[in-house]
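A.B. asks: With chain A held as given, fit chains B, C and D onto it using these hints.
Residue numbers (this note's numbering), protein chains in the order written: chain A, 662 to 1138; chain B, 662 to 1138; chain C, 662 to 1138; chain D, 662 to 1138.
Please keep in mind that the hints were generated in silico from the structure rather than gathered at the bench. Each residue gets a CB set at the ideal place from its N, CA and C atoms; glycine is no exception. Check each hint, because a few of them may be wrong.
[To be verified] Covered by chain C, per the in silico footprint, the following chain D stretches (three or more residues, Cβ under 8 Å):
#1 933-942
#2 952-963
#3 1076-1085
#4 1099-1111
[Claimed, not checked] Quick list of the computed label-pair ranges, beta carbon to beta carbon:
#5 D/Pro919 to C/Arg911: 42 to 48 Å
#6 A/Glu1110 to C/Glu709: 57 to 63 Å
#7 C/Glu734 to B/Asp705: 41 to 47 Å
#8 B/Arg911 to A/Gly781: 28 to 34 Å
#9 B/Ser679 to C/Glu735: 31 to 37 Å
#10 B/Asp818 to C/Phe1004: 57 to 63 Å
#11 B/Asp818 to C/His849: 42 to 48 Å
#12 C/Arg911 to B/Ser679: 51 to 57 Å
#13 C/Arg1137 to A/Val715: 52 to 58 Å
#14 A/Glu856 to D/Asp705: 28 to 34 Å
#15 A/Gly1022 to D/Glu1000: 40 to 46 Å
#16 D/Asp768 to A/Gly1022: 47 to 53 Å
#17 B/Asp818 to D/Asp768: 26 to 32 Å
Protein chains: 4
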Amino acid sequence: MYRLAERDHRPAADRARSLKIGYVGGGSQGWAHTLINDLAQCEDLTGEVALYDVNHGLAARNAELGNQVMGREEAVGDWTFQAHREMDAALDDADFVICSTQDPPADTFVNDIDIPKEYGVYQPVADTVGPGGTMRGLRAIPQYREIAATVRERCPDAWVINYTNPMTVCTRTLYEEYPDINAIGLCHEVFQTQELFAELAETYVDAAEDVDRGDVEVTVKGINHFTAVDEAYWRGHDLFAYLDAELENRTPLPGYEPGDMEGESYWVNNFQIAFDLYDRFGVFGAAGDRHLAEFVPWYLAIDDPEEIQRWGIRLTPSSARVDDADGPDEMAQYLDGEETFEFSESGEEAVDIMRALLGEGQFVTHLNYPNEGQIAGLPTGAVVETNALLTGGGVTPLCAGELPDEFRSMVERHVTNQETLIEAGFTGDLDLAFQAFLNEPLVTLGREEARDLFADLVAAERDYLDGYDLDASVLRD
Amino acid sequence: MYRLAERDHRPAADRARSLKIGYVGGGSQGWAHTLINDLAQCEDLTGEVALYDVNHGLAARNAELGNQVMGREEAVGDWTFQAHREMDAALDDADFVICSTQDPPADTFVNDIDIPKEYGVYQPVADTVGPGGTMRGLRAIPQYREIAATVRERCPDAWVINYTNPMTVCTRTLYEEYPDINAIGLCHEVFQTQELFAELAETYVDAAEDVDRGDVEVTVKGINHFTAVDEAYWRGHDLFAYLDAELENRTPLPGYEPGDMEGESYWVNNFQIAFDLYDRFGVFGAAGDRHLAEFVPWYLAIDDPEEIQRWGIRLTPSSARVDDADGPDEMAQYLDGEETFEFSESGEEAVDIMRALLGEGQFVTHLNYPNEGQIAGLPTGAVVETNALLTGGGVTPLCAGELPDEFRSMVERHVTNQETLIEAGFTGDLDLAFQAFLNEPLVTLGREEARDLFADLVAAERDYLDGYDLDASVLRD
Amino acid sequence: MYRLAERDHRPAADRARSLKIGYVGGGSQGWAHTLINDLAQCEDLTGEVALYDVNHGLAARNAELGNQVMGREEAVGDWTFQAHREMDAALDDADFVICSTQDPPADTFVNDIDIPKEYGVYQPVADTVGPGGTMRGLRAIPQYREIAATVRERCPDAWVINYTNPMTVCTRTLYEEYPDINAIGLCHEVFQTQELFAELAETYVDAAEDVDRGDVEVTVKGINHFTAVDEAYWRGHDLFAYLDAELENRTPLPGYEPGDMEGESYWVNNFQIAFDLYDRFGVFGAAGDRHLAEFVPWYLAIDDPEEIQRWGIRLTPSSARVDDADGPDEMAQYLDGEETFEFSESGEEAVDIMRALLGEGQFVTHLNYPNEGQIAGLPTGAVVETNALLTGGGVTPLCAGELPDEFRSMVERHVTNQETLIEAGFTGDLDLAFQAFLNEPLVTLGREEARDLFADLVAAERDYLDGYDLDASVLRD
Amino acid sequence: MYRLAERDHRPAADRARSLKIGYVGGGSQGWAHTLINDLAQCEDLTGEVALYDVNHGLAARNAELGNQVMGREEAVGDWTFQAHREMDAALDDADFVICSTQDPPADTFVNDIDIPKEYGVYQPVADTVGPGGTMRGLRAIPQYREIAATVRERCPDAWVINYTNPMTVCTRTLYEEYPDINAIGLCHEVFQTQELFAELAETYVDAAEDVDRGDVEVTVKGINHFTAVDEAYWRGHDLFAYLDAELENRTPLPGYEPGDMEGESYWVNNFQIAFDLYDRFGVFGAAGDRHLAEFVPWYLAIDDPEEIQRWGIRLTPSSARVDDADGPDEMAQYLDGEETFEFSESGEEAVDIMRALLGEGQFVTHLNYPNEGQIAGLPTGAVVETNALLTGGGVTPLCAGELPDEFRSMVERHVTNQETLIEAGFTGDLDLAFQAFLNEPLVTLGREEARDLFADLVAAERDYLDGYDLDASVLRD
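Okay, chain A solo, but in the shape it has when bound (with noise of 0.2 Å):
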């Protein structure tokens, strides 16, 4: 559905002002607490902050935040933080537009990964495919249409970074949308393989010693969580060379026992399944191994959902989705000054991105993008994940070849599944989205099954799907 349409021409525009920032969602926090650290440490860039929250107590309680942590003396930046009751205003003449934007877990996250689960069906995280990442994708669309068209509206110039999940769904929706759109989707996990791989330089190349995770050249290709790695690279050294070694070091696979992850956190990671894929497919899986397990069947064909953990890794219940009740909040301890906002160095990228999308030097890393060919034999305008060049221009894809023939496929599966629930989304047709239901790898049901499945996750979840037609066939008994 998507154009390849020629590089328009952005307004040259004097970057050095004063800056403005809108942000929508974060009133969860995670990622607004992110950069308010980011900001207050950042000496170059200064401007203000517009906060938009459908629940716009948590967005004034984050300018709140944002305020209170800027006027601490050790805090470099200069930014200030407004909340916003309407998108418009958040967004009206933002250069840069943030999301990250969730539906409450209770009404919607617990019901993606609780109801498949009566089916036999387990996710270790729910959020970007199978029955669950389905929901929450046909959930999002409508959102980010509306965002997207806010931006032509508002901010048509702005660059719109996402960091929403299903990353890729959201990312495309934008596109879809206002094809002019500048949007980038930002995800960490490839920083974990980048991060092994600077312990393999560590370990085999002779006199490497602190090897920084972003000195390893990775060249991603694939789709957000589902991304493969077949080169990294660290200042010449050719890091493949020694991961069959590796690989022999951490046969046989799986490596684990039922019960071995108890107490481990939710987030554990052994590339287990990232070795092997490796060791059947030829590349390296370049996503956590919880995120890798849900795009092909093979990994959750299990009976109990502790089978699992032989792979090194656990489910995430729906009970870790939902707020903890008890006790204050971080966010009124940081308010109440019962609890200090602390520094650190979080790792992301953002203010390093908007540095380098404002002309300030050059920026490679990877991010989800629309596929201009850098990845061959995928389709083009779908969003891939993918390095890429940022600079004043704007970001260049850069390009990485072809994936072999059968892992391909199975991205191309998921590729093809992503458009049609953007068709699906964007038309209101479920019994198309039953379509791509009944393609997701971890669908093993009969086709009844199936479509019941489908039905009582659309029932649970109706409050939130407004826009679809509810009297789908397929939802018909």
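C.D. replies: Positioned in the frame of chain A, the structure of chains B, C and D alone reads:
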């Protein structure tokens, strides 16, 4: 791996001369008897049939029967039959080569069916895709390389007509080994679909009576046994216009209960899956339901083999694949004169096709042939099921446009698997073959179970896997 | 600009009923008389012909003639003719629409030929490419948009048969305006090539006598008037096998002298260029030499118009393009009864094509139609000259493979120019049109001369360029 | 002919070790002196330069000069130079290979320029396209096959840096002979365009002073010497925003008169054609006008050589291509100590590029490299001029999107010609080469004159056309 060549120009020949048909295989009689039947009733072509089978005795008996039948008064054809001990001799200077081969079922097909069943993987046919189809493909590739090499050597301009399954892999192997070969693959599954539409015409079109399936034009696109039809016309009447009404009549789907098919033929077909695919994906499945079911996971996600009867089909047990040892066989009875070989209208098109390729009139039908672009969205060079025009100038595919996106993706997955199998077969690489095996929709097993099943199948059939590397890493514990 | 759509399903219709043919243009009589001739001899179709021409008087006279002829005893056809003052009425509910239009030659065609001549640019025909063809295309695009829009409104399922040049641009315009239109373009140039090959068969194939051009199968690929044939068969005999011998007979090329063609018809054709293209590029030029010569620079790089006679053709002078004013015209003589309209075998295929599209049998021919992939290497959606199967289900292109690379590039240049003209015509942008003009092979002028020629042509024909921006920068001094 | 390979993984190497640069050619000194200059000023790389030239004496003199210069006090570099009599020895185990070769101009280049002139075909440079460029390409292909074969044998992982024209054909030959070669082609023509945009920045952007050309980012897309730039940024300022104003200042185009360039350098460039291409096609021509003019017919459609001066350029006469025989040459004066080799800032990037490829930092520049999809709409595998990122992991092209359609078609024609020349060069087929020759835009001759010119060129240079079939039909009378 296939490169679209410019058409070459076949040498002019006096087509009216006596013809030679080389026949590879046929020992198991089915198709050989059909050929004898059809040639005996063919008035305008004449020549010899040179039979070759790895079991020479069977070829000799076919020759004996052929000559006996041709000597009968009511046989208008003028053909002689001779069995050869070498393929070279049988194919030397042939005008046509017919292939119809099979490994001894007791050593192979039985395992293809029964071993996966131990893992809960049920296959109604097991000859095209799924674990069984994969093994059959691996076994066939070296055999069809040899046939292609013999054609190149002995009769480079001959037309090769393949009837062997897995149809796509066998035909694709012929082209991979000898890219300039003139080869087509024939299968009669689509005839059923034409018959269904002929019935629809009789039911819904005013004054339509005794509609002949041959007068129903269907636009065929897909791969053998997983073909879609998205257009059907009879004398300018669009038969798709009646398909929704017919679907309504047949609702709900599935319409049977476990046990309903007991006592039915293993080949029973009720178009339940064909209509369900139409209902969900908008194109009509144009092969028997027992084939269609093997290409997606959701019809065979069953715990008990009887459940598949809900879709109006049965599983063919492996016992039905081994020759019945009781009593004198049909062939013996014919040769002894106890039974008379009765002429029938076979419905097969081979003789019509030969006639057209000899320059005697144009003929439009569906067949299996490399994709030159006739099915947009599938890879060039992949063997697809497609309409084509046959004339004295050869085979010309008819453009069929694109498949709906999700259906295309379902087909693409198998095309990728088949291309991977070809590469595995040509290099002897079973690790590569296992990539395709993992991506088979019917392999809904866990990662290790999938490996075990593959290893078990290879172990059971290793005598038929000469030329493969049996030390592949996937086969090691 | 064209998007490959899935085939739609035309509504079933009782094709045996009385038909309506809408006829746009035809005032200049040529093709209208052929239609009257063919319908008068057509036993199995019946109905009315609704005539519309911008010059209503001419349409009325055609109607009068049609009815007069149909009333004659020897006319077996049963058709009535009526002239309409509005295109809407003529096309309302039509089953077929025939287009055959031309602007008044004295105001347009004459300039197309004579103004370039002043710049040393000679065009034998000037109706397809070159400066003249470019202008003709610019004039035609708005007219064919109107026809397409009327079809969409009045007879959306009708089959539109276009005879007007520039064939590619007119047919392409129909699809650009109304992508779901059912339109084909017919041209008889390739018939000559079939006749040549019929003669080759008679000469070189044993026992071949009275070979009918219709029995010669040629693989047509290219664009109208610049089509290549790379295969020709007659009853299975490969006629390309004799082409080198025939080339040898005709060597050296060119084989004529200036002056040799004096007194010959302007339409004389000696296959000199067709064979020269075969000699140098390996494919046979399948249009009259006077057309082929206009698509590359090297046959018309002449200082004196007589030089082109060396290739066995003549330039048609502009005077031959204006109606002869002397004496009563043919039409008047028919209507007055002074002359009798004699029936002939026209050789045109329109009636056969209508019959096939009504479901009465299959018909294979060559025509102009959007590329769905049948000509690999040319852009999808471009209108190409191609073989096709016509049945009650519609038009299905036959795959023709690739052109040799340098020949393909020569065609590609014109395809690009034609697509550019379409865009220029739809936006009214003459600066864009000038890009195509500069890239016309016959425009071998300096940069400023090229501009002057374009400006002169636009100035001379501005009355026929409504809807174009005459303030384009290229038109300013 | 090129097949997009998956990237291979180069063996890790200790990049800090002493390097070996193999140098092929350089006898004519220009680029060899630049290399000596640049290495003498390079502090961080060290090693040896192994020189090979078909004229060993010239290589030996370069070695002598190199060692002499490196011995001077102000030379901070640490390199030794040695001349070899065999290419094998010079390239054995090299880390980098630099190619800069030329046939003796008096026997070749002089004919390339002067023989076409006799036919009225004027070429300002004659080294890339046109009749002269075609001949140069035909001569170079066997030579670059030999280089590629030697690299494959002696230093398969080396990076090959080509400076020789025709750049595209030479670099493409390297990849055709040895598809896994690591090769790039460097040309400094685009630097001029960056300088022009640097001046635009200084003129139009507030507070921009002393803008460095290296800080101007341009999106380069096309083929060497016919490259377009459609984006230019300086520190986030879009410089294309000022291009229309600058065009207005420079109007009318052309702005010179015949004779205006007398006395100017042959290399004078006034961006007249670069701006005219921008004016008409919307993209800026990014090579010197003398090169750009050779790729389309309309700037050189002149009757008198002086006319080209209207576009602010001169034709380089063949006499300027032959070494001046008068007086002692520069080299002799250096070696004799009569002249001192002065260090300068060369502006060349080879040393920066080597450094980046050794893993010392990232470097973004433009170079000539196979198309992996970075320029959408041009064929995969064709050597294109493209932006790329250079790191220790190799060369990664940067996506540049599509060219405007008519410009793309102009480029495509040359890409096709270059691919045809490669095929002709590898098969020795001059009939095939003549297909490309006929399609050269500067060959605006009649069909027979074109043949005669081609035959004359081949006859004059036959001593340099070993390996071609001189009995090609095009060469017969």
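A.B. asks: Hint by hint, say whether it matches the structure.
C.D. replies: The hints, checked one at a time:
1. 933-942: It holds, with 4 qualifying residues against the three required.
2. 952-963: Coverage by chain C holds here, the residue count being 6 at a Cβ distance below 8 Å.
3. 1076-1085: holds (count 4)
4. 1099-1111: Check passed, 10 qualifying residues.
5. D/Pro919 to C/Arg911: 42 to 48 Å: With Cβ atoms ~46 Å apart, the hint holds.
6. A/Glu1110 to C/Glu709: 57 to 63 Å: Distance hint for A/Glu1110, C/Glu709 holds at roughly 59 Å.
7. C/Glu734 to B/Asp705: 41 to 47 Å: Distance hint for C/Glu734, B/Asp705 holds at roughly 43 Å.
8. B/Arg911 to A/Gly781: 28 to 34 Å: Since the Cβ atoms of B/Arg911 and A/Gly781 sit about 30 Å apart, the hinted range of 28 to 34 Å holds.
9. B/Ser679 to C/Glu735: 31 to 37 Å: violated, 49 Å
10. B/Asp818 to C/Phe1004: 57 to 63 Å: violated, 46 Å
11. B/Asp818 to C/His849: 42 to 48 Å: violated, 34 Å
12. C/Arg911 to B/Ser679: 51 to 57 Å: violated, 37 Å
13. C/Arg1137 to A/Val715: 52 to 58 Å: holds, 55 Å
14. A/Glu856 to D/Asp705: 28 to 34 Å: holds, 29 Å
15. A/Gly1022 to D/Glu1000: 40 to 46 Å: holds, 42 Å
16. D/Asp768 to A/Gly1022: 47 to 53 Å: With a Cβ separation near 51 Å, D/Asp768 and A/Gly1022 satisfy 47 to 53 Å, so the hint holds.
17. B/Asp818 to D/Asp768: 26 to 32 Å: The hinted range 26 to 32 Å is violated for B/Asp818 and D/Asp768, with Cβ atoms some 49 Å apart.
Violated hints, listed in ascending order, are 9, 10, 11, 12, 17; each of the other numbered hints is respected by the structure.
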